[in-house]
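Here is how the chains run, residue by residue.
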Amino acid sequence: MAAPAQLGLQNAASPIMEELIAFHDHALMIIFLISSLVLYIISLMLTTKLTHTSTMNAQEIEMIWTILPAMILIMIALPSLRILYMTDEFNKPYLTLKAIGHQWYWSYEYSDYEDLAFDSYIMPTYFLEPGEFRLLEVDNRTTLPMEADIRVLISSQDVLHSWAVPSLGVKTDAIPGRLNQAMVASMRPGLYYGQCSEICGSNHSFMPIVLEFIYFQDFEVWASYLYIV
Amino acid sequence: MLCQIIVQAKKHLSLIPLFLFIRAGGIGAALYLLHLALFNPDVCWDRKNNPEPWNKLCPNDKYKFYSVNVDYNKLKKERLDF
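These protein sequences, in sequence, are chains A and B. Taking the numbering used here, the leading residue of the first sequence gets 1, the next gets one more, and so forth. Taking the numbering used here, the leading residue of the second sequence gets 1001, the next gets one more, and so forth.
The hints are simulated quantities; they were obtained by calculation from the structure and are not laboratory data. Ideal Cβ positions, reconstructed from N, Cα and C, are used throughout, including at glycine. Treat the hints loosely; a few may be bogus.
Okay, the calculated bits of chain A under chain B, using three or more residues with CB under 8 Å as the criterion [claimed, not checked]:
| # | region |
| --- | --- |
| 1 | 11 to 21 |
| 2 | 165 to 173 |
With a straight-line cut-off of 27 Å between C-alpha atoms, the simulated DSSO-like cross-links for lysine-lysine are [to be verified]:
| # | chain 1 | residue 1 | chain 2 | residue 2 |
| --- | --- | --- | --- | --- |
| 3 | B | K1074 | B | K1048 |
| 4 | B | K1074 | A | K49 |
| 5 | B | K1048 | A | K92 |
| 6 | A | K171 | B | K1048 |
| 7 | B | K1048 | B | K1064 |
| 8 | A | K171 | B | K1064 |
| 9 | A | K49 | A | K98 |
| 10 | A | K98 | B | K1048 |
| 11 | B | K1074 | B | K1062 |
| 12 | B | K1048 | B | K1062 |
| 13 | A | K49 | B | K1064 |
| 14 | B | K1074 | B | K1064 |
| 15 | A | K92 | A | K171 |
| 16 | A | K49 | B | K1048 |
| 17 | B | K1056 | A | K49 |
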């Protein structure tokens, strides 16, 4: 989850998010370089005593400032397209989870496990234990096995919602009447927080998502324990 | 129009890279559109013989323009044929 006043991306828990962070750093570095160069040139131009009032032809510099930006744009576009296609890939998933948005909670169904389904409401502030996070905790966390590709089918029962978990690099719209597919895989156990990311009414800010990734064996035990409808 | 481009390019050599990049971008966009038109299963050209190509998807076919990690040819077809 995000630390207070955090500006950057959250730490990656999935390989896709690692790629996204690397690409973000790459693109941001290019932006910083260009901006510093432009600022430096502006400062030079504003502080020089030299003037040249009869420039009519500048073929060499025109060539440079056509070719160089084109190369920079290609250097940004190629990794971007690679990541775009990578996020759309679906390897053989170990598990399928259905995340259905309602006003104003999420419900999860593990259809691989005969009738394993539950609702996930926000934990009201007055019920929080010390150390828990305000507006981020839920009553029933979505437990999943780590180091496994999980297919998440996202839809909505009423209005538009969006299922987003920043540390895993997932944000997929929940559209009523449509099933969207996302792949989720965590490399380590832990709790990953997210929030609804599409305006859906008065309690749009109060329907968080908490994914709890645990070891494979513990997940099997959890799934066999829990049959709440 | 091509004559005009050549005349201008001879007068100002720095226009040549500009024309090249614009041409490459335009051709790339047109080719991608053609790829989508010909290979995307959501597109139907022949209503008589192939009316709904989106209903004939196969796990081993390559529908995306570029596949990074997954080789769709090597996937096993585990579903029954209907």
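Hints and how they fare:
1. 11 to 21: violated (count 0)
2. 165 to 173: It is violated: at least three residues are needed, and the region 165 to 173 of chain A offers just 0 whose Cβ sits closer than 8 Å to chain B.
3. B/K1074 - B/K1048: 32 Å, violated
4. B/K1074 - A/K49: 68 Å, violated
5. B/K1048 - A/K92: Answer violated: B/K1048 to A/K92 is near 35 Å, above 27 Å.
6. A/K171 - B/K1048: Roughly 40 Å between the alpha carbons, so the hint for A/K171 and B/K1048 is violated.
7. B/K1048 - B/K1064: Answer holds: B/K1048 to B/K1064 is near 25 Å, not above 27 Å.
8. A/K171 - B/K1064: 21 Å, holds
9. A/K49 - A/K98: 68 Å, violated
10. A/K98 - B/K1048: 37 Å, violated
11. B/K1074 - B/K1062: 11 Å, holds
12. B/K1048 - B/K1062: 24 Å, holds
13. A/K49 - B/K1064: 57 Å, violated
14. B/K1074 - B/K1064: 15 Å, holds
15. A/K92 - A/K171: It holds: about 20 Å lies between the C-alpha atoms, which stays within 27 Å.
16. A/K49 - B/K1048: Not OK: A/K49 and B/K1048 at ~76 Å, beyond 27 Å, violated.
17. B/K1056 - A/K49: Answer violated: B/K1056 to A/K49 is near 72 Å, above 27 Å.
When the structure is compared with the earlier hints, violations turn up for hints 1, 2, 3, 4, 5, 6, 9, 10, 13, 16 and 17 and for no others.
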